[in-house]
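Protein chains: 2
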Amino acid sequence: MSKDNVLIKFGNRIRLLRKQNDWSQEDLSFKSGFHRTYIGMIERGERNPSLKNISVFANTFNISLSELLKLEINEMG
Amino acid sequence: MSKDNVLIKFGNRIRLLRKQNDWSQEDLSFKSGFHRTYIGMIERGERNPSLKNISVFANTFNISLSELLKLEINEMG
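Line by line, the protein sequences are chains C and H. Okay, so the first sequence: first residue is 1 according to UniProt numbering, each after it adds one. Okay, so the second sequence: first residue is 1 according to UniProt numbering, each after it adds one.
Hints in this document: simulated from the structure, not taken from any laboratory. Some hints here could point you the wrong way.
Copies of one chain are not kept apart here, so a pair can be met inside one copy or by any two copies together.
Using 25 Å as the maximum straight-line C-alpha spacing, the simulated SDA-like pairs for lysine to any residue come out as follows [unchecked claim]:
1. K19 - G40
2. K52 - M41
3. K70 - N12
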C-alpha cells in the first residue's frame, strides 16, 4: 500500500462507516468533535490523521481501531 | 480507550512486534527509515504518529494496518 493511497483508503472507510450509520458529515462532525471541514478533507484523503484522531473516529463509530483500519473494505462507486 | 492510553498501547505493540522479530531499535530504525530516537519515543508512547507513519511500521513488520492496530495484544511485564 503506497503512503498516499492509505489516506485515500482511510477516507473511503470513514465515508462508508458514516453512511452505514446514516450520518451526514455534519452529524459525524458533531459526534466526533471535529470540524466539518476536517471531516471532508479526511474523506477525500487530504489529511494525514494522527493516531489520537484515528482513535476518536473509532470511538465515535463504536468500533475498535483494528476494525476501523480494515482498509480493504471499500465503498463501491 | 483514552486518547493518551492509545499512544502507550501503540508503543507497547511496536516494542512487542520488534522483539518478536528479534530486532534492536537500531534494526527497526534501519528497516523503517525512522530515526532511532523516534522509535524510542514511539515505544514509550511519547509521540502521536500519523497514519502514514503507522502505515510505514505495518509495511516494515509486513503485517496489515488492522493487525498492527490490535492494541489489545500487549507485552506482559
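Tested hints:
1. Within a single copy, K19 and G40 get their C-alpha atoms as close as 13 Å, which meets the 25 Å cut-off; across copies the closest is 39 Å, which misses it.
2. When the C-alpha separation of K52 and M41 is checked against a cutoff of 25 Å, the pair qualifies both within a copy, at 17 Å, and between copies, at 15 Å.
3. Taking identical chains as interchangeable, the C-alpha atoms of K70 and N12 lie at most 25 Å apart whether they share a chain (11 Å) or sit on different chains (21 Å).
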